[in-house]
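So the protein sequences, as listed, match chains A and B.
Per our numbering, the very first residue in the first sequence carries number 4; after that it's consecutive.
Per our numbering, the very first residue in the second sequence carries number 33; after that it's consecutive.
No wet-lab data here; the hints were simulated from the structure.
Source: prediction; values computed, not measured.
A hint or two may mislead.
[Stated by the list, open to error] Here are the computed distance ranges between Cβ atoms for each label pair: (1) A:Thr260 to B:Val156: 57 to 67 Å; (2) B:Lys169 to A:Gln169: 21 to 31 Å; (3) B:Asp144 to A:Thr260: 39 to 49 Å; (4) B:Asp151 to A:Glu200: 49 to 59 Å; (5) B:Asp151 to A:Ala282: 19 to 29 Å; (6) A:Thr260 to B:Asp151: 35 to 45 Å; (7) A:Glu262 to B:Gly163: 31 to 41 Å; (8) A:Glu269 to B:Gln154: 44 to 54 Å; (9) B:Lys169 to A:Ile258: 26 to 36 Å; (10) A:Ala50 to B:Asn164: 50 to 60 Å; (11) A:Thr313 to B:Gly182: 28 to 38 Å; (12) A:Pro275 to B:Lys169: 28 to 38 Å.
[What the hints assert, rightly or not] Below 30 Å or equal to it, Euclidean Cα-Cα: the simulated DSS-like pairs (lysine-lysine) are: (13) B:Lys117 to A:Lys274; (14) A:Lys259 to B:Lys117; (15) A:Lys259 to B:Lys173; (16) B:Lys195 to A:Lys113.
Glycine included, each C-beta is placed from N, C-alpha and C at the ideal position.
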Amino acid sequence: MGKTLAEKILSRKSQVDVCAGDIVVASVDLAFVQDTTGPLTVREFEAAGFELSANGGKTVLFLDHAAPSPNCQLSTDHILLRSFARRTGSRLFDVGEGVCHQIVAESMAKPGDVIVGSDSHTVTAGGLGAFATGMGSSDIAVAFALGKTWLRVPESIRVMVNGDLQKGVYAKDLILHLIGLIGADGATYQSLEFGGETIEKMPVSGRLTIANMAIEAGAKVGLFAADEMTHKYLIEQARGDYYQSISPDTDASYIKTIEIDAAGIEPTVSKPHTVDNTALAKELKGTRIQQVFIGTCTNGRLEDLAVAATILEGKKRHPETRVIIAPASKEVLLQAIAAGYIQTFIEVGAVILPPGCAACLGLHQGVLGEGEACLSTANRNFKGRMGNPDAFIYLGSPATAAAAAISGEITDPREVL
Amino acid sequence: MLKGRAFKFGDSISTDHIVPGRLAHLRSNLPELAKHVLEDADPTFASKVKSGDFIVAGNNFGLGSSREHAPLVIKMSGVSAILVKSVARIFFRNAINLGLPVLVCDTDKISDGDELEVDLEQGVINDKSNGNKLTFKRIPKAMLSILNEGGLIPYIKKHGDFKL
Ligand code: SF4
Numbered sequence: 004m005g006k007t008l009a010e011k012i013l014s015r016k017s018q019v020d021v022c023a024g025d026i027v028v029a030s031v032d033l034a035f036v037q038d039t040t041g042p043l044t045v046r047e048f049e050a051a052g053f054e055l056s057a058n059g060g061k062t063v064l065f066l067d068h069a070a071p072s073p074n075c076q077l078s079t080d081h082i083l084l085r086s087f088a089r090r091t092g093s094r095l096f097d098v099g100e101g102v103c104h105q106i107v108a109e110s111m112a113k114p115g116d117v118i119v120g121s122d123s124h125t126v127t128a129g130g131l132g133a134f135a136t137g138m139g140s141s142d143i144a145v146a147f148a149l150g151k152t153w154l155r156v157p158e159s160i161r162v163m164v165n166g167d168l169q170k171g172v173y174a175k176d177l178i179l180h181l182i183g184l185i186g187a188d189g190a191t192y193q194s195l196e197f198g199g200e201t202i203e204k205m206p207v208s209g210r211l212t213i214a215n216m217a218i219e220a221g222a223k224v225g226l227f228a229a230d231e232m233t234h235k236y237l238i239e240q241a242r243g244d245y246y247q248s249i250s251p252d253t254d255a256s257y258i259k260t261i262e263i264d265a266a267g268i269e270p271t272v273s274k275p276h277t278v279d280n281t282a283l284a285k286e287l288k289g290t291r292i293q294q295v296f297i298g299t300c301t302n303g304r305l306e307d308l309a310v311a312a313t314i315l316e317g318k319k320r321h322p323e324t325r326v327i328i329a330p331a332s333k334e335v336l337l338q339a340i341a342a343g344y345i346q347t348f349i350e351v352g353a354v355i356l357p358p359g360c361a362a363c364l365g366l367h368q369g370v371l372g373e374g375e376a377c378l379s380t381a382n383r384n385f386k387g388r389m390g391n392p393d394a395f396i397y398l399g400s401p402a403t404a405a406a407a408a409i410s411g412e413i414t415d416p417r418e419v420l
Numbered sequence: 033m034l035k036g037r038a039f040k041f042g043d044s045i046s047t048d049h050i051v052p053g054r055l056a057h058l059r060s061n062l063p064e065l066a067k068h069v070l071e072d073a074d075p076t077f078a079s080k081v082k083s084g085d086f087i088v089a090g091n092n093f094g095l096g097s098s099r100e101h102a103p104l105v106i107k108m109s110g111v112s113a114i115l116v117k118s119v120a121r122i123f124f125r126n127a128i129n130l131g132l133p134v135l136v137c138d139t140d141k142i143s144d145g146d147e148l149e150v151d152l153e154q155g156v157i158n159d160k161s162n163g164n165k166l167t168f169k170r171i172p173k174a175m176l177s178i179l180n181e182g183g184l185i186p187y188i189k190k191h192g193d194f195k196l
């Protein structure tokens, strides 16, 4: 019987021929923490008397969620992580470098890797064909110590996407559409494996957006084959040598196949307070938006900023709508400056935040006021997510966000393209 | 045998309901963070819950973030087990890693305030308030061996490796 991507990668990494349902102990190529979950990992690690596993360079710490730190408690957490990195010789990405998942995709993840991080959106690297999944602090402390982790090989759902996305419709709309279709627990414990001609033609940036949100359907991992697009991306990052092609066997067995006609997808928005509460942007016309937030590990890449800049060029933000933009990494910021996007955003009236998670999780840099609504390009709109349980978060693509920035309300971006 | 009162919650209780990001500055001050447990779902929960009590909820409990602080503050509040119709994957793994059982059963049969007895060995929940006996889904073997050692770190300290 042929293998799914999940079965293939986990067989190699456990050196056992496994299939869905098996328990494996797999070697870990990269284990990382960020600044809101890392302190607990470090304390657990130290309390247990662990030492770092011999495979050095695989342990990475990111200061991205509270960057720069908004208060003394989080500053103290940063000190703890910096000193752990120094003491153990682990790699540290300090304040201003960017969101962990973007940096992992830009500079570390390789096709066929097993990557674990103490952050649920670790799944992002699935866009490069890595088996990447989020875990808690204890699991990562153990991965730091042993260089391996245990996993149940997930059953896989095949998502076949064919046809061309319409103008104004992006990878984000596709994944919101899928989550609306299967629900926030539609893939719990399972692997979502994407294929079809739309996916084959999709650049890695879009694949990362889709993989990033696999967790919002409950999935353990969102996997893409590593193909020529992946190779091209790695070459652009000067990491072409790490490329290996990986694809599922044609006779792999899936628990279900979902067929999506890309041409039928329209700009899609998740309404408060769950990601699967989707509607079409045009159906929500008239919904006032007080804050637009463009950034995050979902949609803070150069391609996303390019889409927003094209719509915003020469325009002014709506006077009652704040616009906040946070590039996902320092690399993205530099490229956005070179491309003139940052100039465009500032002229529109946007606030540019340093690379990092920024307003995404509600601890600083764009906390919502009571009763306010935000259109965000992030991946989560849970109650309280942006710092206020009495606020409302709508999720959409960078184009939908840019359209709302101008009109002050939810708008189908095709109206302004 | 675990004994306590049921605190009932609905579907889709996320990690943001349990410990929201706006309280991230308290994550290195767990006793303080624990005072806010589940605040955005029920602001009175933290003051009412007693040692041994149960959280009883609907579908997809614990969806969202990988923050282990979520099951950690629930455990610190004295909750002895979480009874749900279904549970999100990372939360489940985190809870077991901390030695906190999450049991999947038909929670519609349990009402808020019911007095419950849970027999982990036999796999039975005895609802003393209405006389119902419920069974819960077996915890997978690999996870049970971690739970039985009181969590992942004690497990690894004892065995030195995964022996699943
Ligand atoms: S950008 Fe948002 S979703 Fe992504 S890692 Fe940061 S807080 Fe999490």
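The hints, checked one at a time:
no.	hint	in the structure
1	A:Thr260 to B:Val156: 57 to 67 Å	39 Å, violated
2	B:Lys169 to A:Gln169: 21 to 31 Å	44 Å, violated
3	B:Asp144 to A:Thr260: 39 to 49 Å	41 Å, holds
4	B:Asp151 to A:Glu200: 49 to 59 Å	54 Å, holds
5	B:Asp151 to A:Ala282: 19 to 29 Å	46 Å, violated
6	A:Thr260 to B:Asp151: 35 to 45 Å	41 Å, holds
7	A:Glu262 to B:Gly163: 31 to 41 Å	48 Å, violated
8	A:Glu269 to B:Gln154: 44 to 54 Å	52 Å, holds
9	B:Lys169 to A:Ile258: 26 to 36 Å	18 Å, violated
10	A:Ala50 to B:Asn164: 50 to 60 Å	41 Å, violated
11	A:Thr313 to B:Gly182: 28 to 38 Å	56 Å, violated
12	A:Pro275 to B:Lys169: 28 to 38 Å	32 Å, holds
13	B:Lys117 to A:Lys274	24 Å, holds
14	A:Lys259 to B:Lys117	23 Å, holds
15	A:Lys259 to B:Lys173	26 Å, holds
16	B:Lys195 to A:Lys113	28 Å, holds
Hint compliance for this structure: hints 1, 2, 5, 7, 9, 10 and 11 are not met, and every other hint is.
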